[in-house]
Amino acid sequence: MHTARERLLAAILDRLWETYRQRVPYVQVYEQVIAHAGAAFVNDHIAFRTIAGQAPVTGIVSVSRMFEALGYQAAGTYQFPDKRLTAIHFQHANPWFPKLFISELQSWTLGPAVRSILDAALAEHVPMISGDDLHALHVAHEEDHARLIERGVAYLQTRPWPAPRRGDLDAVNRESQYGAWTLVHGYNVNHFTALINSHGTPALADIEQTVAALRAAGVPMKAEIEGAAGSRLRQTATEAAMTEVEVREDDGATTIPWSYAYFELAERGVVTDPETGQPCRFEGFLGPQATHLFDMTRVR
1 MHTARERLLA
11 AILDRLWETY
21 RQRVPYVQVY
31 EQVIAHAGAA
41 FVNDHIAFRT
51 IAGQAPVTGI
61 VSVSRMFEAL
71 GYQAAGTYQF
81 PDKRLTAIHF
91 QHANPWFPKL
101 FISELQSWTL
111 GPAVRSILDA
121 ALAEHVPMIS
131 GDDLHALHVA
141 HEEDHARLIE
151 RGVAYLQTRP
161 WPAPRRGDLD
171 AVNRESQYGA
181 WTLVHGYNVN
191 HFTALINSHG
201 TPALADIEQT
211 VAALRAAGVP
221 MKAEIEGAAG
231 SRLRQTATEA
241 AMTEVEVRED
251 DGATTIPWSY
261 AYFELAERGV
271 VTDPETGQPC
281 RFEGFLGPQA
291 THLFDMTRVR
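Using the UniProt record's numbering, the first residue of the sequence shown is number 1, and each one after it goes up by one.
Take every hint as true, because none was put in to throw you off.
DEER-style ranges, computed between Cβ atoms:
(1) T3 x A223: 37 to 45 Å
(2) T243 x F41: 17 to 25 Å
(3) T158 x G230: 39 to 47 Å
(4) W108 x T19: 30 to 38 Å
(5) A74 x T3: 19 to 27 Å
(6) P279 x F41: 20 to 28 Å
(7) V61 x A154: 16 to 24 Å
With a straight-line Cα cutoff of 16 Å, these simulated EDC-like cross-link-like pairs (lysine to aspartate or glutamate) come out:
(8) K222 x E208
(9) K222 x E239
(10) K83 x E175
The hints are simulated quantities; they were obtained by calculation from the structure and are not laboratory data. Yeah, the Cβ is synthetic: ideal placement off N, Cα and C, and Gly gets one too.
Just need the whole structure built from these sequences, with the hints factored in.
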């Protein structure tokens with residue numbers, strides 16, 4: 001992290017990680033497992049969820065603009081028609097920074113009742129990060145770092161609209177669990193991801209070994225691993241941690257349990273670089289795999 005902008009970005013990501021690891025207890029178990037095995041942790045990617053709307057204009061840009069100002073660039077697009085989702089993954093020129101996977105719910109594809117609920121929430125969206133703040137993130141003057149860290153972290157970790165009514169949340173959840181999740185969590189991190197390739201120890205050399213070690217340590221895991229052995233990308237995840245979320249009832253505000261985030265594992269295979277013809281690690285994503293991973297936050 002040599003530039004002022006990279007130091008600023010690292011500080012924001014560190015803050016997001018610290019909050020996430022406190023809220024998802026399985027992360028600390030993973031840390032214990034890799035420490036015992038002498039393995040290393042590298043974060044492959046961070047995921048965010050958004051709702052695409054028109055008044056105001058919201059969606060992927062609600063989160064991506066901040067990170068684009070900090071040096072990220074769009075690297076791939078993905079469609080999930082069954083989930084009514086679109087996603088873009090972003091990469092930084094410095095490969096030590098994790099990729100970002102930012103998705104959006106295409107709210108216009110939903111039924112009129114649910115669309116009305118989402119439109120009402122989006123209409124009360126807090127102000128987006130201003131153009132002046134985006135410029136400040138881009139130039140990253142050292143004297144502005146403390147303010148920009150607080151501004152960026154608060155924007156992502158504070159729900160950007162009022163707490164939903166309980167009945168509205170249930171109605172959205174019946175049509176889109178992704179939409180319901182985003183209503184209660186806003187732009188909070190949906191998951192961080194351990195890169196299996198970084199472990200650097202025979203005991204945790206592949207995703208099967210890592211899953212087995214986590215299960216042995218008591219971590220509830222997704223039943224399947226997405227992707228066949230030797231393929232470009234293999235992924236799985238813990239179950240989602242539960243948390244209390246605020247909702248409104250007729251007699252005032254209350255909290256109810258809701259799924260929050262899971263911890264993902266990714267093992268990346270080797271592909272041929274189409275420009276050089278040389279082998280390189282696959283750094284993209286595969287739509288069908290992500291389709292199943294979106295379901296890890298389903299509340300039944």
